[in-house]
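Number of protein chains: 2
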Amino acid sequence: MTLSFEDFSPGRFGSCGPRHVTREEMLAFAAEFDPQPMHLDEEAAKRSMLKGLSGSGWHLCSIIMRMMFDFYIGRTASLGSPGVSELKWLAPLRPGDDLVLEVEVVEARVSRSRPETGIVTFKCIVRNGTGQALCEMTSPIIVKRREAALAG
Amino acid sequence: MTLSFEDFSPGRFGSCGPRHVTREEMLAFAAEFDPQPMHLDEEAAKRSMLKGLSGSGWHLCSIIMRMMFDFYIGRTASLGSPGVSELKWLAPLRPGDDLVLEVEVVEARVSRSRPETGIVTFKCIVRNGTGQALCEMTSPIIVKRREAALAG
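Taken in order, these protein sequences are the chains called W and U.
Mapped onto my numbering, the consecutive letters of the first sequence carry residue numbers 4 to 155.
Mapped onto my numbering, the consecutive letters of the second sequence carry residue numbers 4 to 155.
Just chain W, with the same shape it has in the complex (with noise of 0.2 Å):
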């Protein structure tokens, strides 16, 4: 683990991508997870209020997890998360698109039960190859110190 919680402070943390996604994949995660019309049948798709077929939420959700688990946390001496304190899904994602992720800190502070840790809250915005925002979260993860996080 290379980062710890002193080295993110707020401000702008940096972007990764694209991540392309495929419709075989959206149709894999509907069927496993949200069958609805919307994700998984085209001709009902077209008929719904997003016009043409869209992916779950919670599969863009888990994208993003992935993606940042690939840009930073996956070498941040994290422990997990206690939530998300704001998820809006802004747009829908489409077969083929190229997701774009933003990365913020919004705030950096010593916890104060385990002083050994911080909480580090970061707002990711993904967007698609034009531009369009489709989804907003905000959430907490709790980082070792970097004392805490040299000792292992």
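These are calculated hints, taken from the structure and not from any lab test.
Watch out, some of these pointers could steer you wrong.
The list treats identical chains as interchangeable, and a pair is accepted whether it falls inside one copy or across any two copies.
[Claimed, not checked] Straight-line C-alpha distance at most 30 Å; calculated BS3-like pairs for lysine-lysine: (1) K49 <-> K91; (2) K91 <-> K126; (3) K126 <-> K54.
Got chain W; can you put chain U on it based on the hints?
The following block gives chain U in isolation, referenced to the frame of chain W:
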């Protein structure tokens, strides 16, 4: 579709389950979307804050989505959701857990911008076999009013 806006009013809606979660599906989800050591590596997980292999929070959300679909969303004239207003991961999902989902309607109101629809806000709590709450989620869903639902 048999459930429309008028079928939801504030109060307890019901519960569903149990849904058994296997180690294999936990590892498969983690490998694809959230390959943090605490979700994927038995030995590393033992040393983690959660003291044993735990499922990804996004896997738990996706399982909750499927439980909601099978319980009521699949027969509700739902148009989708703008997001999640509260999401808390309270305790780890473990291999072999048998999940029960409790659903409450927090609020049901007619949409101002689209009066043929209503916004129904659901609060879900998922518990393991010992009754321990693993996750709480509050989310608004856009549902057609009965007349619009009958019109198709």
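Quiz prompt | Intra/inter-copy verdict for K49 and K91 if alpha-carbon distance must be at most 30 Å | solution = This pair counts as within: shortest intra-copy Cα distance 23 Å, inter-copy 34 Å.
Quiz item: Should K91 paired with K126 be assigned to within, between, both, or neither, using CA atoms and 30 Å as the limit?
Solution: both (11 Å within a copy, 16 Å between copies)
Exercise. Up to 30 Å between alpha-carbons, please classify K126 paired with K54: within, between, both or neither.
Key: This pair counts as both: shortest intra-copy Cα distance 28 Å, inter-copy 28 Å.
Taken one by one, the earlier hints all hold for this structure without exception.
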